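Protein chains: 2
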Amino acid sequence: MLKTREYLSQFIHERKTVLTIGLDTDSAKIPSILKGDVLAFNKEIIDATHDLCVSYKLNFAFYESLGALGWDILEKTIELIPSTHLIIADAKRGDIGNTSEMYARAVYDLLGCDAITVSPYMGSDSVKPFFRDGKWVIILALTSNEGSADFQQQELKSGKKLHQQVMETSSRWGSADNTMYVLGATHPSEIKSIREKYPEHFFLVPGVGAQGGDLDAICEAGMNHQGGLLINASRSILYAGHGRDFAELGRREAQRLNKVMKNYF
Amino acid sequence: MLKTREYLSQFIHERKTVLTIGLDTDSAKIPSILKGDVLAFNKEIIDATHDLCVSYKLNFAFYESLGALGWDILEKTIELIPSTHLIIADAKRGDIGNTSEMYARAVYDLLGCDAITVSPYMGSDSVKPFFRDGKWVIILALTSNEGSADFQQQELKSGKKLHQQVMETSSRWGSADNTMYVLGATHPSEIKSIREKYPEHFFLVPGVGAQGGDLDAICEAGMNHQGGLLINASRSILYAGHGRDFAELGRREAQRLNKVMKNYF
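In the order they appear, the protein sequences are chains P and X.
The first sequence begins at 1 in the working numbering and counts up one residue at a time.
The second sequence begins at 1 in the working numbering and counts up one residue at a time.
Hints in this document: simulated from the structure, not taken from any laboratory.
Treat the numbers as computed from the prediction; the structure is a model and nothing was measured.
Heads up, some of the hints might be wrong.
With a straight-line Cα cutoff of 30 Å, these simulated DSS-like cross-link-like pairs (lysine-lysine) come out [said to hold, decoys possible]:
(1) P:Lys192 <-> X:Lys161
(2) X:Lys197 <-> P:Lys161
(3) X:Lys192 <-> X:Lys135
(4) P:Lys192 <-> P:Lys161
(5) P:Lys161 <-> X:Lys161
(6) X:Lys43 <-> X:Lys29
(7) P:Lys161 <-> X:Lys157
(8) X:Lys76 <-> P:Lys29
(9) P:Lys128 <-> P:Lys76
(10) X:Lys29 <-> P:Lys128
(11) P:Lys35 <-> X:Lys76
(12) P:Lys29 <-> P:Lys76
(13) X:Lys197 <-> P:Lys160
All chains, full assembly: derive it from the sequences and hints.
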């Protein structure tokens, strides 16, 4: 099923949530009862939460740290996600054209993801190979971490900040139908002004929860008539509990977030 | 064996070459006689070239495009590389701290690489988790592709270009003993001025060969008393031949490059 902008908007309005659940599953942090079985953990989390979210985001680092076994778990986890949900490969890739094309094959053709996060540092020919019919390129703009001040917030000679220039330039490579931006939840005032400039684009917003972003402020600043946001929570849901009831406690955390989001529909 | 700067310098001077061979092995491009067996191809290339280079660079995209099997091939290829050689994970990673830490585990602990290429866009806390005793962080500065003009060459308010700012800021995170920079072979005049400013750092220089960089110009602009460069060639060596003698033809291309480099020792 193609996850067009219209589809996403409809799905979001049906569910009255823009929740994305980040499957950043760390084998060392899952309940000991699972004996490090990441796939079993992911299955329980997906079973317990899929009616409460519109998307799952898979953080590739956590699977790569397990080697070939990790890739196997990644593939099998993706198969467990209902086909209604947007599946995001959180891989932050970006390389010269023939290499980006290889990453695109891995993520779209082999794994069947609908979207990938991409770093813009290497410019147009590193990002364009990720554009495909029915797929989403999610470009890093202003990230949630402290290091976002190092370069992303640097002012260019033109008066724009680097992340503003990244959005202005890269928004011409595609359109609001195939490009999203990563905007960290730790920057609500910037999200507000970016929303004014980009009324139609979807923004992927990590940093609510463990990283301390304010959910209400983000919804107020960033939502548009189509939803327009995918707000990601990872650790606060995955590790809500450490015993047999971890999935139920994760579900409750997702419900808590949804209760806030519902007010903006 | 720790690949310290002194070690690299000595190895480079013994061999009179700064050649790095990029194992960007595309299963669709290897001789048909190998029936798509990437590991067998890599083994023949390594056997035929290891006495002619000081380093191998593995482009992760090409392995990830094969899924779990690709990771297995990646692990087995790394085991085939002599322990004398610097092994570079060309992965261009970079994410929030806990995620970068996971990528570091994958690349250093699981795969046993000596170095990793990292994108600086997300700033200090995305790069610092890759610093480890005896390991090298290779930060993208000015890449070889056309898209390097989009952001890397943009002028900041301070008058510096973005890649210059990236080098100035990130050179304070580590030192010339654990930090290298990616500088594309398509920018020889920039490499010359960057060498003046950074006399001690090693630079990883891709873009000679298929991408058209001038080897003489790069050696002249970038070499220092320790060598100071790792010049990467991938496609021109890997695909020098398409028959049974592909490895021998790859070896000849490596010899041709070394003949040029020898003049600078």
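Hint check results:
| no. | hint | verdict |
| --- | --- | --- |
| 1 | P:Lys192 <-> X:Lys161 | holds (28 Å) |
| 2 | X:Lys197 <-> P:Lys161 | holds (26 Å) |
| 3 | X:Lys192 <-> X:Lys135 | holds (26 Å) |
| 4 | P:Lys192 <-> P:Lys161 | holds (16 Å) |
| 5 | P:Lys161 <-> X:Lys161 | holds (13 Å) |
| 6 | X:Lys43 <-> X:Lys29 | holds (16 Å) |
| 7 | P:Lys161 <-> X:Lys157 | holds (10 Å) |
| 8 | X:Lys76 <-> P:Lys29 | holds (29 Å) |
| 9 | P:Lys128 <-> P:Lys76 | holds (28 Å) |
| 10 | X:Lys29 <-> P:Lys128 | holds (22 Å) |
| 11 | P:Lys35 <-> X:Lys76 | holds (28 Å) |
| 12 | P:Lys29 <-> P:Lys76 | holds (20 Å) |
| 13 | X:Lys197 <-> P:Lys160 | holds (27 Å) |
The structure shown violates none of the earlier numbered hints.
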